[in-house]
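Asks: Both chains are sitting in their own frames, so use the hints and assemble them into the complex.
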Amino acid sequence: DAKTTQPTSMDCAEGRAANLPCNHSTISGNEYVYWYRQIHSQGPQYIIHGLKNNETNEMASLIITEDRKSSTLILPHATLRDTAVYYCIVRVAAIYSGYALNFGKGTSLLVTP
Amino acid sequence: KAGVTQTPRYLIKTRGQQVTLSCSPISGHRSVSWYQQTPGQGLQFLFEYFSETQRNKGNFPGRFSGRQFSNSRSEMNVSTLELGDSALYLCASSLGGTGDTEAFFGQGTRLTVV
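Chain order of the listed sequences is B and H.
For what it's worth, our numbering labels the leading residue of the first sequence as 1, then goes sequentially.
For what it's worth, our numbering labels the leading residue of the second sequence as 1001, then goes sequentially.
One chain only, chain H, in its complex shape (with noise of 0.2 Å):
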């Protein structure tokens, strides 16, 4: 079956832009959680989704939210773009549904803030 997938695969943009990622689950996967990996701070946990609710929340500005639709896709998106929230942005899906599962990653977005 298909993998997780995240679109794009690279994106530059400027400072005090914002910016919208994508997510699409593995089909039947119902959670959808989100990473920024950096060199500086390794991989960190920003927010997962489970039926279109935001269930957990990492500790990253307003600046950085996400939402979740009905066919459980994702997006994130980051508002007023600045040089540090240059980073790799992973999704992740699991079942959700219950708590002994693990999760699948995509290949991540590689977003560049010049």
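With the rest of the complex left out, here is chain B (with noise of 0.2 Å):
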């Protein structure tokens, strides 16, 4: 699976978007972007993934560039609970394929009040 590169850490005051890039520049074509965050000392949390298209669900946004060497996830209205560790991970998703996520050191998210 294609590494991943985040920023160590990041603020955001709360009511304002949250946008936490990740850059995957050697992703190949059959493999997906997936998002996780890992609120402190819980299991990780899923909260989008996407293959080339951007996607939108209840809890945030995924836009992945063109060239889709890098993603952007979007939490539109960042709250106090966002703040957690997010995880940005590509797989590959072929069916019964594995499930193996590879975990890096992800963005550590503060929301401030």
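If you're looking for bench data, these hints aren't it; they were derived computationally from the structure.
For glycine and all other residues, C-beta sits at the position ideal for the given N, C-alpha and C.
Please note that a few of the clues may not be correct.
[As the list claims (entries may be wrong)] If we take Cβ atoms under 10 Å as the criterion, some of the chain H residues that face chain B in the derived model are:
no.	residue
1	G1003
2	V1004
3	Q1037
4	R1055
5	N1056
6	F1060
7	E1082
8	R1110
Replies: Have a look at this one:
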């Protein structure tokens, strides 16, 4: 699976949009971009994933560049509960492929009042 | 529906002992994977089971093993415990049959080796 690069930490004011970047310049055509987050000492939580099109769900939006070499996770109105470590993960998602996530270091997002 | 359940939540063992951790996946999920999380190494993949067969394995010594039962429940075992095995062990389940899917994690088992 391709490697990802994320900033170590970011701050965001409560109520503002949090934009978390991820670089995955070696991504292959059959690799998806997944985002998970982990709130302190809890199990990671799935947020969103995409292949090439932008995706949106009730939690966040995922913007993938046209060349697929980078992406941005957007939390539209950050709350204090969004303070967590955010992981950008690239994985092959072929039918019956294994599920082994390479978490990396992630971005520690601090949402401040 | 019920989430991923890991038992026990906390465990204290002595160096040299062995330990077994349990994971019950979400109903209908056939893939169960295990991760170790430590402050120094972060979240690291241990292994994944699908339909009672190990499908992927991370870079851990043979002291770490696992199995999956016909009802998809999984156990992992660590033998001859070392102090460095102290960690949060996380289990995740996914449908497993199609590639484009997400994994759901349990709350983990906090293992302390003394």
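Asks: For each hint, tell me whether it holds in the structure or not.
Replies: Structure-based check of all given hints:
{"no.": "1", "hint": "G1003", "in the structure": "9 Å, holds"}
{"no.": "2", "hint": "V1004", "in the structure": "7 Å, holds"}
{"no.": "3", "hint": "Q1037", "in the structure": "9 Å, holds"}
{"no.": "4", "hint": "R1055", "in the structure": "4 Å, holds"}
{"no.": "5", "hint": "N1056", "in the structure": "4 Å, holds"}
{"no.": "6", "hint": "F1060", "in the structure": "12 Å, violated"}
{"no.": "7", "hint": "E1082", "in the structure": "22 Å, violated"}
{"no.": "8", "hint": "R1110", "in the structure": "8 Å, holds"}
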